[in-house]
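If you read the sequences in order, they're chains A and B.
The opening residue of the first sequence carries number 1 in the UniProt record's numbering; numbering runs sequentially from there.
The opening residue of the second sequence carries number 1 in the UniProt record's numbering; numbering runs sequentially from there.
Don't take every hint at face value.
Treat identical chains as interchangeable: a pair holds within one or across any two.
[Claimed, not checked] Derived lysine-lysine pairs resembling DSS-like cross-links, with alpha carbons at most 30 Å apart: (1) 198 to 100; (2) 239 to 100; (3) 195 to 277; (4) 30 to 240; (5) 100 to 30; (6) 277 to 30; (7) 100 to 183.
Just so you know, the hints here were simulated from the structure itself, not pulled from any lab data.
Note that the structure is a prediction, hence the values are computed from the model and not measured.
Number of protein chains: 2
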Amino acid sequence: MEEALSHRVGPDFRIADVDPTSTPGFEWDKEDWETEFHEHDDELDELQSKLYANARAETPGTGGLLLVLQGMDTAGKGGVVRNVFQAFDPELLEIATFGKPTPEERSHDFLWRIRPHEPAVGQIAIFDRSHYEDVLIQRVHQMAPAEEIERRYGAIVEFERDMANRGIRIIKVMLHISKDFQKENLLERLEDPEKYWKYNPGDLDEREHWVEYMEAYETALRRTSTDSAPWYCIPGDRKKYARMAVKYLVLDALRSMDLEWPEADFDVEAELERARKA
Amino acid sequence: MEEALSHRVGPDFRIADVDPTSTPGFEWDKEDWETEFHEHDDELDELQSKLYANARAETPGTGGLLLVLQGMDTAGKGGVVRNVFQAFDPELLEIATFGKPTPEERSHDFLWRIRPHEPAVGQIAIFDRSHYEDVLIQRVHQMAPAEEIERRYGAIVEFERDMANRGIRIIKVMLHISKDFQKENLLERLEDPEKYWKYNPGDLDEREHWVEYMEAYETALRRTSTDSAPWYCIPGDRKKYARMAVKYLVLDALRSMDLEWPEADFDVEAELERARKA
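Required output: the full structure, derived from the provided sequences and hints.
So this is what it looks like as structure tokens:
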């Protein structure tokens, strides 16, 4: 699914050019899509183990991976985490969910609550929402002055560049759904008592700001999509497609690390001899 | 696999009575074992969602779950985490791995580094190793005076009772392998370059203390297996069996919570009306 890479955000990015229902490179409704979805699971598993093994062995140059997930309510962020990362060992994943900031968090710089979750070497980390909320919802509702929002784009680029400089690959994904698809999703939550808990009346209020949100996303993605921390605007109305695409981006990033199993840091023959007698 | 419950540790527990190769209630080598292994995956998924939903809805009486995993090196703790918890949403799991304490951790009471990882209401938490290391390795190597080890059994019982009192179900599992099986596992690591990174020459030194470790485990399990935080000594030589058994214990604990989907805390009809127009 190399087409996933084609969703990369460049300097001329316009969100209106991305059709949320499109599925380039994938027949999202084909019968055996699950086979394709799981095609590289063993490889992903091995890549994760290799990454972790090299961190433990302190192999110079070992990096980490960060996936940032953003999207409007009901865009399917949780489903991506759930389905894409099933291929990995949960013990070796670091998943941070960023909700509404607490009063303490608000009393610090916007990156204060994010920094402790920076992936360590050897780690695969996921941000379900992120520091981008501070240039999205905060811009739409003017919760910070325009100059401060402006400053944040630069601060984000620097923050991510520093992470990249210590070997962290960064993939940023906006799950781009249509306003109609969100409506379907919200109605689904209201029509199924098993989903009431996912529904929040405030979600409907936010819908009224759809256009401003799209503007805020467009600006944020354009201003912060860099070579070391690119954005991908993934069509989100076909959930299977979005999951396939994110999975491919993760696979591609891990492959690009050219990971090998670390060498033994002990005398293998001598240890074999000892072990046979032990 | 209700037989898993039969491994519960009582006051007369003797570790020598548990055959690490036994597999009561399960033909561990049957062809379609995977079907049985995944039989309750949908139920587990739903139970986890219900638990989380009730915590979000602040339903009174909502609890949490803690699984403590202990075992000798190569006992398969990582494999249990990996395989059993694949049925769950990784975003809603809290997995804490307790390695060798840092100097800072050693300068505090032994529970200091554990407490921040107590599961919150709605959470499913796993401890890969735990506070029990402080009455196992520390006892075997006399890293703490005998009176201090003695004090810790009581402190652990109290710590776990407090957790149970705020609704946390606690399952403690010792994956009990034979000394021969450990040898096989260590040799496997030494014979496969992809597994060198898992091998640590210190593991062979620890093997020399096998008998003392079994004594330390027997005492710890007997002294700290309570109604609210029972130990299960699970035969570990057949990995599939151990995974099946742990999975059943988790299922059983979640079922015992009698979870229902929370009620809506908003006017469903009014919201449906709004949503249709939005």
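Here is how each hint holds up against the structure:
In this assembly of identical chains, the alpha carbons of residue 198 and residue 100 lie at most 30 Å apart only when taken from the same copy (16 Å versus 40 Å across copies). Only within a single protomer do residue 239 and residue 100 lie at most 30 Å apart by alpha-carbon distance; the minimum there is 25 Å, versus 42 Å between protomers. Proximity of residue 195 to residue 277 under the C-alpha cut-off of 30 Å is restricted to the inter-copy arrangement: shortest distance 20 Å between copies versus 59 Å within a copy. In this assembly of identical chains, the alpha carbons of residue 30 and residue 240 lie at most 30 Å apart only when taken from the same copy (10 Å versus 34 Å across copies).
Taking CA atoms no more than 30 Å apart as the test, residue 100 paired with residue 30 passes in neither setting, with 38 Å inside one copy and 50 Å between copies. In this assembly of identical chains, the alpha carbons of residue 277 and residue 30 never lie at most 30 Å apart, being 56 Å within a copy and 33 Å across copies at closest. Within a single copy, residue 100 and residue 183 get their C-alpha atoms as close as 23 Å, which meets the 30 Å cut-off; across copies the closest is 51 Å, which misses it.
Of the numbered hints listed earlier, those contradicted by the structure are 5, 6.
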